[in-house]
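Student: We have chain U already, so just place chain B on it with the hints.
Number of protein chains: 2
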Amino acid sequence: MSTENYNIGLLGHGTVGAAYAELIEQRAGNVADLTGRRPRIEAVLTRSRGDFAAILENCELVVELIGGVDPAREYVLAALAAGRPVVSANKLLLSQHGDELFAAAQRAGVQLRFEAAVAGVVPVIRVLEESLAGTHVDRVHGIVNGTTNFVLSEMERGLSYREALAEAQRKGFAEADPTDDVTGRDAAAKMAILARLAFGAAVRLDQVPYEGIEHLQSDDLEYAREFGLSLKLIGTAERIGDGISVRVHPAFLYPGHPLASVSGPFNAVTVESDAITEVTMSGPGAGGLQTASAVLGDTVGVMLGGAWRPRPATPCELLSDVKSSFYIHMEVADRPGVLASVTQVLGDSDVSIKSVVQRGMGESARLVMVTHPVAESQLRRAIESAADFEFLRHPPRTIRVIEEEFV
Amino acid sequence: MSTENYNIGLLGHGTVGAAYAELIEQRAGNVADLTGRRPRIEAVLTRSRGDFAAILENCELVVELIGGVDPAREYVLAALAAGRPVVSANKLLLSQHGDELFAAAQRAGVQLRFEAAVAGVVPVIRVLEESLAGTHVDRVHGIVNGTTNFVLSEMERGLSYREALAEAQRKGFAEADPTDDVTGRDAAAKMAILARLAFGAAVRLDQVPYEGIEHLQSDDLEYAREFGLSLKLIGTAERIGDGISVRVHPAFLYPGHPLASVSGPFNAVTVESDAITEVTMSGPGAGGLQTASAVLGDTVGVMLGGAWRPRPATPCELLSDVKSSFYIHMEVADRPGVLASVTQVLGDSDVSIKSVVQRGMGESARLVMVTHPVAESQLRRAIESAADFEFLRHPPRTIRVIEEEFV
Numbered sequence: 004m005s006t007e008n009y010n011i012g013l014l015g016h017g018t019v020g021a022a023y024a025e026l027i028e029q030r031a032g033n034v035a036d037l038t039g040r041r042p043r044i045e046a047v048l049t050r051s052r053g054d055f056a057a058i059l060e061n062c063e064l065v066v067e068l069i070g071g072v073d074p075a076r077e078y079v080l081a082a083l084a085a086g087r088p089v090v091s092a093n094k095l096l097l098s099q100h101g102d103e104l105f106a107a108a109q110r111a112g113v114q115l116r117f118e119a120a121v122a123g124v125v126p127v128i129r130v131l132e133e134s135l136a137g138t139h140v141d142r143v144h145g146i147v148n149g150t151t152n153f154v155l156s157e158m159e160r161g162l163s164y165r166e167a168l169a170e171a172q173r174k175g176f177a178e179a180d181p182t183d184d185v186t187g188r189d190a191a192a193k194m195a196i197l198a199r200l201a202f203g204a205a206v207r208l209d210q211v212p213y214e215g216i217e218h219l220q221s222d223d224l225e226y227a228r229e230f231g232l233s234l235k236l237i238g239t240a241e242r243i244g245d246g247i248s249v250r251v252h253p254a255f256l257y258p259g260h261p262l263a264s265v266s267g268p269f270n271a272v273t274v275e276s277d278a279i280t281e282v283t284m285s286g287p288g289a290g291g292l293q294t295a296s297a298v299l300g301d302t303v304g305v306m307l308g309g310a311w312r313p314r315p316a317t318p319c320e321l322l323s324d325v326k327s328s329f330y331i332h333m334e335v336a337d338r339p340g341v342l343a344s345v346t347q348v349l350g351d352s353d354v355s356i357k358s359v360v361q362r363g364m365g366e367s368a369r370l371v372m373v374t375h376p377v378a379e380s381q382l383r384r385a386i387e388s389a390a391d392f393e394f395l396r397h398p399p400r401t402i403r404v405i406e407e408e409f410v
Numbered sequence: 004m005s006t007e008n009y010n011i012g013l014l015g016h017g018t019v020g021a022a023y024a025e026l027i028e029q030r031a032g033n034v035a036d037l038t039g040r041r042p043r044i045e046a047v048l049t050r051s052r053g054d055f056a057a058i059l060e061n062c063e064l065v066v067e068l069i070g071g072v073d074p075a076r077e078y079v080l081a082a083l084a085a086g087r088p089v090v091s092a093n094k095l096l097l098s099q100h101g102d103e104l105f106a107a108a109q110r111a112g113v114q115l116r117f118e119a120a121v122a123g124v125v126p127v128i129r130v131l132e133e134s135l136a137g138t139h140v141d142r143v144h145g146i147v148n149g150t151t152n153f154v155l156s157e158m159e160r161g162l163s164y165r166e167a168l169a170e171a172q173r174k175g176f177a178e179a180d181p182t183d184d185v186t187g188r189d190a191a192a193k194m195a196i197l198a199r200l201a202f203g204a205a206v207r208l209d210q211v212p213y214e215g216i217e218h219l220q221s222d223d224l225e226y227a228r229e230f231g232l233s234l235k236l237i238g239t240a241e242r243i244g245d246g247i248s249v250r251v252h253p254a255f256l257y258p259g260h261p262l263a264s265v266s267g268p269f270n271a272v273t274v275e276s277d278a279i280t281e282v283t284m285s286g287p288g289a290g291g292l293q294t295a296s297a298v299l300g301d302t303v304g305v306m307l308g309g310a311w312r313p314r315p316a317t318p319c320e321l322l323s324d325v326k327s328s329f330y331i332h333m334e335v336a337d338r339p340g341v342l343a344s345v346t347q348v349l350g351d352s353d354v355s356i357k358s359v360v361q362r363g364m365g366e367s368a369r370l371v372m373v374t375h376p377v378a379e380s381q382l383r384r385a386i387e388s389a390a391d392f393e394f395l396r397h398p399p400r401t402i403r404v405i406e407e408e409f410v
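Those sequence lines, one after another, are chains U and B. With the first letter of the first sequence counted as 1, position 83 gets the number 86 in the working numbering; the numbers rise by one all the way through. With the first letter of the second sequence counted as 1, position 27 gets the number 30 in the working numbering; the numbers rise by one all the way through.
To be clear, the hints were calculated from the coordinates, so they are not data collected in a lab. Careful, some of the hints might be misleading.
Copies of the same chain look alike in the list, so a pair counts if it works inside one copy or between any two.
Said to hold, decoys possible - Cross-link-like lysine-lysine pairs, in silico, DSBU-like; alpha carbons within 35 Å at most:
| no. | residue 1 | residue 2 |
| --- | --- | --- |
| 1 | 174 | 357 |
| 2 | 357 | 326 |
| 3 | 326 | 174 |
Chain U with its partners taken away, still in its complex shape:
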């Protein structure tokens, strides 16, 4: 009995594209057992070769692994308009033009899948869109950038930021230009996508405030170690009242937090909801073969069919000034009255201190405080008021703290 072929048009043939083409060849028989059709790469389009019109003509599925917005956007829209389902690994495209793409898929009545765009092989998209589709999600926390998680793990072992980044580059976990990773922009794009899926909210990358890891110091990691905390670059998407907040920033996690033990170049996402409490998924971040495996999973998903397709998202109030606990790090002259002055100024700004550690270092003292939850704007005002103290050796540093909720 011969099995009918299922023709795939592949756009892009870089690391992931090549790994995907190889995986399709290796696993074609198994996919045929599952779906009844044998997948094959019918045509490839790269900058230098291939014919997009012929791909639309001859292929049942378009797999977009070009990356970047242009020309990927035009190709994906054209494929959807022609009634071809699309699998993409393109986080920039999805996070900047999600509305347009989802509407196009909806109009055409075809699937648009993009598991590999967020957490590589960690199936967070499928779980949010399908397993948890009926669930009222309250919050998503994610470590969605493997490069920064690797750098922070190395800093935890005692390396400086520069040394850790160099190590990440040496091992292939960071690119020559790591800007998008270390500034948090890459994670922000992924959180925009997750927020859309978790809340049906039309969130774009340019609406997600992000803060990176470049300014973190070994001191901060030392504090984390001493108090059993982990310091991670955390993406958050949460409901607060009728609005939502989506943001990326470094955060201290208490030891029992499901993301606290995620080390090295890994990704992990925790989904919280009253009904499910929490579900956490983790695995290696990007890597050619891992990403290609996620694309293969989506390919099988499309081949199996089903009515699933992204819903166009609804507008939603995005909150920018949310409450957190903060860690405040100050290096001050070691003399009487300093702690009193600092706590006075913070108290005047209604910033309430939960714990203080002061430690002498010769001429100076290190003052580390953790606040009770306070709006970010209010904390910033308090820090500004404190910035004028002549006894400060450096401007104060602040890092958010994710507190244990269920104790």
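Tutor: For chain B alone, coordinates are given in the frame of chain U:
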């Protein structure tokens, strides 16, 4: 515009059934947004009321939350034969009669979903069956029984087995008769189901050897603490050559293992494969609302349609004598020559020792050894040879050790 109803027949109305009925009512609107149909419980069948023939007549989906094999099996087979998709949370049924049920679903061309049967709301079934459907899975490790994981976590905090079990019962994490949980039988049923999905292998509960946690001692937990190891009840399903091994037993995990940090009444599953490295999913184990949420996820999956249905599994060689590293705990008379005698006997049986810790306790000494990987049968023979030593205070205890593979 009125939305068409989607009628569900609910079999069983215990804790999970009641929670599911409530969840369907709460989330009907959201499910309608996703699927275009509004789910409602059209009829309920319990031991004392309801009419199964009417359910088959009037419902598009049958949800089986009775539990146990009879009469659940007859109902599920009848529903499938009548062309009704089935969602079930019944691990006993699936692990004992999987072949028959999967064949019936295949014959009828309808979905049979059972996410809640394995790890509650942790979507391991969907991820194995769909996201990783194209992947060649090498191994699945799972903490698939929340009761025993809670008991072990409490023992880690210093409680005895009896105290920890009483605490689990007090908190509602263990039933009055905890036999199925503490003997490992519940976990074995779940591993039979996972092995079937991961390897397409026809594995039944009665083919899965299991060992529970009843014989574990505080000493063992103390050893774990001292060496930074975790002691968990681990289910394993793995390919070894052309065969597979499926088993449940306590195991020490090295600190970086993805399951090592899973504490309390949680479930977690790690799937390993060359292509994906590893993916881990975790979340709360059973609980009425959590289980009902998993059943809701499956309900949405059925409503969305798609060609997915379980494949009938193929027979497969089940290996019973696999290699592991072992921890061996002996209490011996504290006098010269004892260690030499023990290592001599182990060496004669080709059991190679990796590390030894001997510690005096007055008259006696505690001898803890970890072996290099050795076939279980060989280790048993070696331990039997050692059992005759007159200097032994108790029979030796052994626990498997899961070693770090990638260092």
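Student: Against this structure, judge whether each hint is valid.
Tutor: Now for the hints, and whether the structure bears them out:
no. : hint         : verdict
1   : 174 with 357 : between (40 Å within a copy, 31 Å between copies)
2   : 357 with 326 : within (15 Å within a copy, 52 Å between copies)
3   : 326 with 174 : between (37 Å within a copy, 33 Å between copies)
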